[in-house]
Amino acid sequence: MGEREEVKLLGTWYSPVVARAKIALRLKSVDYDYFEEDLFGSKSELLLKSNPVHKKVPVLIHNNKPILESLNIVEYIDETWNASGPSILPSHPHDRSQARFWSAFVDDKWFPTLIATTITKSENAKAKGMEEVGEWLLLLEDAFISISKGERFFGGEVIGFMDICLGSFLVILKAREKLKGENILDKSKTPSLCKWANEFLADDTVKNVVPEIDRVVKFMREFEAETQTRA
Amino acid sequence: GKMNQEEQVQVLGLWGSPFSKRVEMVLKLKGIPYEYIEEDVYVQKSPMLLKLNPIHKKVPVLVHQGKSIAESLVIVEYIEDTWKTSYPMLPHDPYERSMARFWAKYVDDKVMLTLWKACWGPESEREKMVEEAYEGLKYLEEELGDKQFFGGETIGFVDIAADFIAYWFGIAQEASGVMIMTAEKFPKLQRWSQNFVGNNIIKEVLPPKEKLMALFKAQFGNNASN
Numbered sequence: 189m190g191e192r193e194e195v196k197l198l199g200t201w202y203s204p205v206v207a208r209a210k211i212a213l214r215l216k217s218v219d220y221d222y223f224e225e226d227l228f229g230s231k232s233e234l235l236l237k238s239n240p241v242h243k244k245v246p247v248l249i250h251n252n253k254p255i256l257e258s259l260n261i262v263e264y265i266d267e268t269w270n271a272s273g274p275s276i277l278p279s280h281p282h283d284r285s286q287a288r289f290w291s292a293f294v295d296d297k298w299f300p301t302l303i304a305t306t307i308t309k310s311e312n313a314k315a316k317g318m319e320e321v322g323e324w325l326l327l328l329e330d331a332f333i334s335i336s337k338g339e340r341f342f343g344g345e346v347i348g349f350m351d352i353c354l355g356s357f358l359v360i361l362k363a364r365e366k367l368k369g370e371n372i373l374d375k376s377k378t379p380s381l382c383k384w385a386n387e388f389l390a391d392d393t394v395k396n397v398v399p400e401i402d403r404v405v406k407f408m409r410e411f412e413a414e415t416q417t418r419a
Numbered sequence: 107g108k109m110n111q112e113e114q115v116q117v118l119g120l121w122g123s124p125f126s127k128r129v130e131m132v133l134k135l136k137g138i139p140y141e142y143i144e145e146d147v148y149v150q151k152s153p154m155l156l157k158l159n160p161i162h163k164k165v166p167v168l169v170h171q172g173k174s175i176a177e178s179l180v181i182v183e184y185i186e187d188t189w190k191t192s193y194p195m196l197p198h199d200p201y202e203r204s205m206a207r208f209w210a211k212y213v214d215d216k217v218m219l220t221l222w223k224a225c226w227g228p229e230s231e232r233e234k235m236v237e238e239a240y241e242g243l244k245y246l247e248e249e250l251g252d253k254q255f256f257g258g259e260t261i262g263f264v265d266i267a268a269d270f271i272a273y274w275f276g277i278a279q280e281a282s283g284v285m286i287m288t289a290e291k292f293p294k295l296q297r298w299s300q301n302f303v304g305n306n307i308i309k310e311v312l313p314p315k316e317k318l319m320a321l322f323k324a325q326f327g328n329n330a331s332n
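For the protein sequence lines, the chains are A and B, in the order given.
Taking the numbering used here, the leading residue of the first sequence gets 189, the next gets one more, and so forth.
Taking the numbering used here, the leading residue of the second sequence gets 107, the next gets one more, and so forth.
Rather than coming from a laboratory, the hints here were simulated on the basis of the structure.
Just so you know, not all the hints are guaranteed correct.
[Stated by the list, open to error] Dumping the calculated PhoX-like pairs for lysine-lysine here, alpha-carbon to alpha-carbon at most 20 Å: (1) 337(A) / 173(B); (2) 244(B) / 294(B); (3) 216(B) / 244(A); (4) 291(B) / 244(B); (5) 223(B) / 211(B); (6) 395(A) / 362(A); (7) 234(B) / 297(A); (8) 173(B) / 190(B); (9) 216(A) / 196(A); (10) 323(B) / 223(B); (11) 291(B) / 136(B); (12) 383(A) / 395(A); (13) 190(B) / 136(B); (14) 253(A) / 173(B); (15) 196(A) / 237(A); (16) 211(B) / 243(A); (17) 244(A) / 196(A); (18) 243(A) / 244(B); (19) 368(A) / 337(A); (20) 216(B) / 297(A); (21) 243(A) / 216(B); (22) 297(A) / 362(A); (23) 244(A) / 211(B); (24) 377(A) / 366(A); (25) 243(A) / 231(A); (26) 173(B) / 297(A); (27) 368(A) / 406(A); (28) 234(B) / 223(B); (29) 136(B) / 297(A); (30) 216(B) / 234(B); (31) 244(B) / 237(A).
[What the hints assert, rightly or not] Derived contacts from chain B toward chain A, CB cut-off under 8 Å, selection only: (32) 173; (33) 175; (34) 183; (35) 184; (36) 211; (37) 240; (38) 243; (39) 244.
This one's a predicted model, so the numbers in the text were calculated from it and none came from an experiment.
For every residue, glycine included, the Cβ atom is placed at its ideal position computed from N, Cα and C.
Construct the entire structure; sequences and hints are all you get.
Okay, here's the thing in structure tokens:
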């Protein structure tokens, strides 16, 4: 064995996008040192130095070089440790473009809209947002059926890029459902996605890496109570 | 030999759009022939566009081997993946690639909108937008450094993503009367803009200045007169 490469991950336990990096590292069996950043407190020196532009997690530091933005980190891990573990991105250019397109859709449209509904105080805005979230889940259902071609994941037999991207948000989604008694991922509307969600969360590379749903529910409940008293 | 139907590349675009032009620039730099179809998205979206990009209903869209791809930077990555050997847009090294993607996204998500709003945004927000514009440009100035292009000696992914800054922004500044990216404050970005728009291939793709100027003034008016 050669000298141990220095791999560090800066993250927070709560962040779904940090989970993306963890899942990718696990898929490739990469050892790393994890550093927990304070969710509400001050940011560490290392974080500020590594990501001066956005000052956000996750940050992957490999041999002292910082890699930023969760999907960039996943691609970097895929390209750097390409000899070990399965390929995270598909190999065919068109499949790769689909993975990039849908992950941008999830990150730029779907998830921000979902989050906005949890923050807004306007019932109207919330209802409209949830309607969009629901409509877009139907699109994602179609995308899943077309891309997975009958296999368990977007990536086929094994978890891939799109699974990591959308799957990383499942814990928050399910915690939200539990906290509010809502049904966001509806078996009657998106049966394939529901099945996929269970497969994803049960997978070995995911289940010990993402936070427990109940811990997230507790955190959300406390956070909501806190913001109510401050409002 | 003659290219068969499947191999032919089509681009649905809009003459004045920096997003649309990104795709054309990369195709031209790589020497890939394509059929260009103008979509006047502001007047009427064609059935073809709605079929090929049902989700965003926007240009550019690239059609190749019977399949369509939307979102300009996704398209650029597709072109890069498909035509690997001619004029590489991304570096070989995984770390360098991740940095290129980072800066391209920074331009796309943060800088472009800020620059636009600094020129045409509501008066009440103007000061804040100008401040954010300066901040964004400062990071880019620093990242560019003494390189000829963000991509190094040749035009790369970040340069293409920043096409708006190299060309459209100068015209927008002139049309709006708001001066932000001056040679004094951003000498490196200024030099880079000139290198970029002066490139033989890029200059053939850029929309005519007078046409853009007229479009900006018609759509957004002149701040000096407000």
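Tested hints:
1. For the proposed pair residue 337(A) and residue 173(B), the alpha carbon gap of about 17 Å is at most 20 Å, so the pair holds.
2. A distance of roughly 10 Å separates the Cα atoms of residue 244(B) and residue 294(B); the hinted pair therefore holds under the 20 Å criterion.
3. At roughly 15 Å between alpha-carbon atoms, residue 216(B) and residue 244(A) fall within 20 Å of each other, so this suggested pair holds.
4. Only pairs whose Cα atoms come within 20 Å are accepted, and residue 291(B) paired with residue 244(B) is accepted, the gap being roughly 9 Å.
5. Restraint check for residue 223(B) and residue 211(B): satisfied, since their Cα atoms lie roughly 18 Å apart, inside the 20 Å limit.
6. As the CA atoms of residue 395(A) and residue 362(A) are separated by approximately 14 Å, the hinted pair is consistent with the 20 Å bound.
7. For a cut-off of 20 Å, the pair hint linking residue 234(B) to residue 297(A) is broken: about 25 Å separates their Cα positions.
8. Between residue 173(B) and residue 190(B), the direct Cα distance comes to roughly 19 Å. Compliance with the 20 Å bound is thereby established for this hinted pair.
9. For the hint linking residue 216(A) to residue 196(A), the alpha-carbon distance of about 15 Å falls within 20 Å, and the restraint holds.
10. Distance hint between residue 323(B) and residue 223(B) is fulfilled; the C-alpha atoms sit about 15 Å from each other, no more than 20 Å.
11. Proposed proximity of residue 291(B) and residue 136(B) is contradicted: the alpha carbons are some 34 Å apart, above 20 Å.
12. For the proposed pair residue 383(A) and residue 395(A), the alpha carbon gap of about 16 Å is at most 20 Å, so the pair holds.
13. For the proposed pair residue 190(B) and residue 136(B), the alpha carbon gap of about 9 Å is at most 20 Å, so the pair holds.
14. Pair hint residue 253(A) plus residue 173(B) does not hold up; C-alpha atoms about 38 Å apart against a cutoff of 20 Å.
15. At roughly 14 Å between alpha-carbon atoms, residue 196(A) and residue 237(A) fall within 20 Å of each other, so this suggested pair holds.
16. The straight-line distance between the Cα atoms of residue 211(B) and residue 243(A) is roughly 15 Å, inside the 20 Å bound, and the hint therefore holds.
17. At roughly 15 Å between alpha-carbon atoms, residue 244(A) and residue 196(A) fall within 20 Å of each other, so this suggested pair holds.
18. For the hint linking residue 243(A) to residue 244(B), the alpha-carbon distance of about 17 Å falls within 20 Å, and the restraint holds.
19. For the given pair, residue 368(A) sits about 34 Å from residue 337(A) by alpha-carbon distance, which is inconsistent with the 20 Å threshold.
20. The suggested pairing of residue 216(B) with residue 297(A) holds, with an alpha-carbon distance near 16 Å, which does not exceed 20 Å.
21. Proximity of residue 243(A) to residue 216(B) is assessed by CA-CA distance (about 15 Å); at most 20 Å being required, the pair is judged to hold.
22. The hinted pair formed by residue 297(A) and residue 362(A) meets the criterion: a straight-line CA distance of about 19 Å does not exceed 20 Å.
23. Restraint check: the Cα-Cα separation between residue 244(A) and residue 211(B) comes to about 15 Å, which is no more than 20 Å; the hinted pair holds.
24. Distance restraint check for residue 377(A) and residue 366(A): the Cα-Cα separation of roughly 19 Å lies within the 20 Å cut-off, and the hinted pair is therefore satisfied.
25. Of the supplied pair hints, the one linking residue 243(A) and residue 231(A) holds, its CA atoms being roughly 8 Å apart against a limit of 20 Å.
26. Annotation: proposed proximity of residue 173(B) to residue 297(A) is violated, straight-line Cα distance about 23 Å (limit 20 Å).
27. Taking the CA atoms of residue 368(A) and residue 406(A), the gap is about 12 Å. The hint holds against a cut of 20 Å.
28. Taking the CA atoms of residue 234(B) and residue 223(B), the gap is about 10 Å. The hint holds against a cut of 20 Å.
29. Between residue 136(B) and residue 297(A) the CA atoms are separated by roughly 32 Å; this puts the pair beyond 20 Å, and the hint is violated.
30. Only pairs whose Cα atoms come within 20 Å are accepted, and residue 216(B) paired with residue 234(B) is accepted, the gap being roughly 14 Å.
31. A threshold of 20 Å between alpha carbons decides the hint, and for residue 244(B) with residue 237(A) the separation of about 17 Å falls inside it, so the pair holds.
32. The criterion of a C-beta within 8 Å of any C-beta in chain A is met by residue 173(B), whose closest approach is roughly 5 Å, and the hint holds.
33. The interface hint given for residue 175(B) is met, as the beta carbon of that residue sits about 5 Å from the closest beta carbon of chain A, less than 8 Å.
34. The beta carbon of residue 183(B) comes within 6 Å of a beta carbon in chain A, closer than 8 Å, and the hint placing it at the interface holds.
35. Taken as an interface hint, residue 184(B) checks out: its beta carbon lies about 4 Å from the nearest beta carbon of chain A, inside 8 Å.
36. This hint holds: residue 211(B) has a C-beta 7 Å from the nearest C-beta of chain A, less than the 8 Å allowed.
37. Because the smallest distance between the Cβ of residue 240(B) and any Cβ of chain A comes to about 14 Å, over 8 Å, the interface hint for this residue is violated.
38. Because the smallest distance between the Cβ of residue 243(B) and any Cβ of chain A comes to about 13 Å, over 8 Å, the interface hint for this residue is violated.
39. Of the supplied interface hints, the one on residue 244(B) is violated, with its beta-carbon coming no nearer than about 10 Å to a beta-carbon of chain A, more than 8 Å.
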